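Top to bottom, those sequences are chains A and B. Anchor point for the first sequence: position 15 equals 14 in numbering that gives the first Met the number 0, and the numbering is continuous, going up by one each time. Anchor point for the second sequence: position 400 equals 399 in numbering that gives the first Met the number 0, and the numbering is continuous, going up by one each time.
Keep in mind the hints are simulated off the structure, nothing from the lab. Please note that the accuracy of each hint is not assured.
Quick partial rundown of chain B residues pointing at chain A, CB under 8 Å, derived from the structure [said to hold, decoys possible]:
hint, residue
1, Ile185
2, Ile192
3, Asn197
4, Met198
5, Ile223
6, Pro227
7, Val228
8, Ala230
9, Gly231
10, Thr234
11, Gly243
12, Thr245
13, Phe246
14, Gly253
15, Ile261
16, Asp432
Stretch by stretch, here's where chain B covers chain A in the computed footprint (C-beta under 8 Å, at least three residues) [claimed, not checked]:
hint, segment
17, 19-28
18, 32-41
Bear in mind the structure is a predicted one, so any value in this text is a computation, not a measurement. Backbone N, C-alpha and C define an ideal beta-carbon position, used for all residues, glycine too.
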Amino acid sequence: MTGDLQNGAAPAGAAAGPDEIAAQRRQARRTALLLGIVAVCVYLGFIVAVGLRN
Amino acid sequence: MSTHTHDHSHDHSHAGHSHGDHAHDDHHGPAKGLSRWIFTTNHKDIGTLYLLFALVMLFVGGAMAMVIRLELFQPGLQFVHPDQFNQMTTMHALIMIFGMIMPAFVGFANWMIPMMIGAPDMALPRLNNWSFWILPFAGSILLSTLFMDGGAPAGGWTLYPPLSLQAGNSFPFTIFAIHLLGMSSILGSINIIVTIMNMRAPGMTLLKMPLFVWTWLITAYLLIAAMPVLAGGVTMLLTDQFFGTTFFQAAGGGDPVLFQHIFWFFGHPEVYIIILPAFGIVSQIIPTFSRKPLFGSAAMIYATASIGFLSFIVWAHHMFTVGMPLAGTMFFMLSTMLIAIPTAVKVFNWTATMWRGSLTFETPMLFSLAFLFLFTIGGFSGLMLAIAPADFQYHDTYFVVAHFHYVLVPGALFGAIAGAYFWLPKWTGHMYDETLGKIHFWLSAISVNVTFFPQHFLGLAGMPRRIPDYATQFTNWNMVSSIGAFGFGLSQLLFAYIVIKTIRGGRTATAQVWDQPEGLEWTVPSPAPYHTFDEAPVVK
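The task is simple: from the sequences and hints, build the whole structure.
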């Protein structure tokens, strides 16, 4: 799986510069927000579901 | 063997300004003094903070274990009041799970994941700082309950009502601490997921990612699905206690058994949240010291994902004795046994990796081998507990204590210790003392078995768990277990000494540290520069 990376064979390059990294971070923030919303929904969903069951 | 390490440390002095605003803060060293650690957004600093916090909590929770084993050295009551004993068992579990082993693995994730995927840092560095700094406050609140009127929570880490609702003033503080610890975990896992999904270097496809990254990706999803369930459960406990709701109070139409279902819907995935990162660490170490690629790495990934999925459909095996319809019992019994299949795939693949490998037995490998054998013992006793009619005999006995300690101590903790020895040279730039490491290993491996193996016998003979006193026929094995526990506790002081000694100095580590290790983390110098991969490496 990581055979191509063996012995430091992965060279440093300029394929992803700061602009690309900044774009990756923006996308990461959006994904993080979505995951946070999912976590809150699970939290509230369980409380509401138990309340309705009773 | 040629080494093409690229020294990123010297890049920082000149490469930054040409990149404009994005890189303006990427080219300085750490801040000076305490502010470095409080305000840091560097993944390596935050990883170090997590790991040091976990090390401190190991000794705090370990001290509680010593109190437990001291009291159980002989029958009768010697050292602590029974209520204090129950506080020790409850707090030992809460601290070791939420304060020690989970933060330890998040520390490994912080240090290693960005380096393994070729990212300059975690995707959300400020959130990362916040995720960590919640922890000391949560831990302090939890520990402060020991000094409150009525003492710390004493109803077991499972917090079952109505017992947990009978706690003293500590109850809301415990709930608040659990909320904070859970929040820290969720924020940490969100950061890990978005880092892995968005920050990989060009060419680092998902299937090229190291196993440690994969196991953490799956763990992080488990955390996001499981931790809010615990938070919901304890919130309902809180409102039952203080706001007149009756979610779990039979007198008001609620159902206390429902809490157990909710708790274990969180609790069983939690077991895998703890163990999967250890699987990942061992999957990095065994190929390195076998000098072979990991056998069946894709199968390992699928097995990990299968374990993650199955962990959500087996929770009620913790509750066979509560009573449930036969179909439910059968379902949970058989689904639990299914977990043995992907787990066996992993054990087989680790073994096959070593097969005809050029093996050497440095300390990380020794701890990984102990992990392989001893975690498997914990897995087998888990299979025994999965058999519902047998579980009726084993439930709430020391057999269960032996089972989960085999999974968590020579399993998860040995995995973490193996990882610490494996990556310590990369983190510090110094080799640890191999002789001391091996002494630490043998002391730990022997004492952990002396501690926990006799607990199988005690449990099968009928000794119940969570009691400060016992019938005299259990004396001998309890003495043996306590002696083992004291030995194990002392051995970990040696571990702390080795870690401190390595941080302070020692033989200089090379970039690769080991013989032909695989992965991007070994392409950067040791110690890893404060900033790695300003420009992403291209993975071919």
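Here's how the hints hold up against the structure:
1. Ile185: Because about 5 Å separates Ile185(B) from the closest Cβ in chain A, which is inside the 8 Å limit, the hint holds.
2. Ile192: Since chain A brings a Cβ to about 6 Å from Ile192(B), closer than 8 Å, the hint holds.
3. Asn197: holds, 4 Å
4. Met198: With Cβ-Cβ at 5 Å, under 8 Å, it holds.
5. Ile223: holds, 5 Å
6. Pro227: Hint on Pro227(B): holds, closest Cβ of chain A at ~4 Å, below 8 Å.
7. Val228: Where the cut-off is 8 Å and the nearest Cβ of chain A is about 6 Å from Val228(B), the hint holds.
8. Ala230: It holds, given that the least Cβ distance between Ala230(B) and chain A is near 5 Å, below 8 Å.
9. Gly231: With a minimum Cβ separation of about 4 Å from chain A (threshold 8 Å), the hint on Gly231(B) holds.
10. Thr234: For Thr234(B), the interface hint holds, since the closest Cβ of chain A sits about 6 Å away, which is under 8 Å.
11. Gly243: violated, 13 Å
12. Thr245: holds, 7 Å
13. Phe246: Holds: closest Cβ of chain A sits about 5 Å from Phe246(B), inside 8 Å.
14. Gly253: holds, 5 Å
15. Ile261: It holds, given that the least Cβ distance between Ile261(B) and chain A is near 7 Å, below 8 Å.
16. Asp432: violated, 26 Å
17. 19-28: holds (count 8)
18. 32-41: With 6 residues close enough to chain B, the hint holds.
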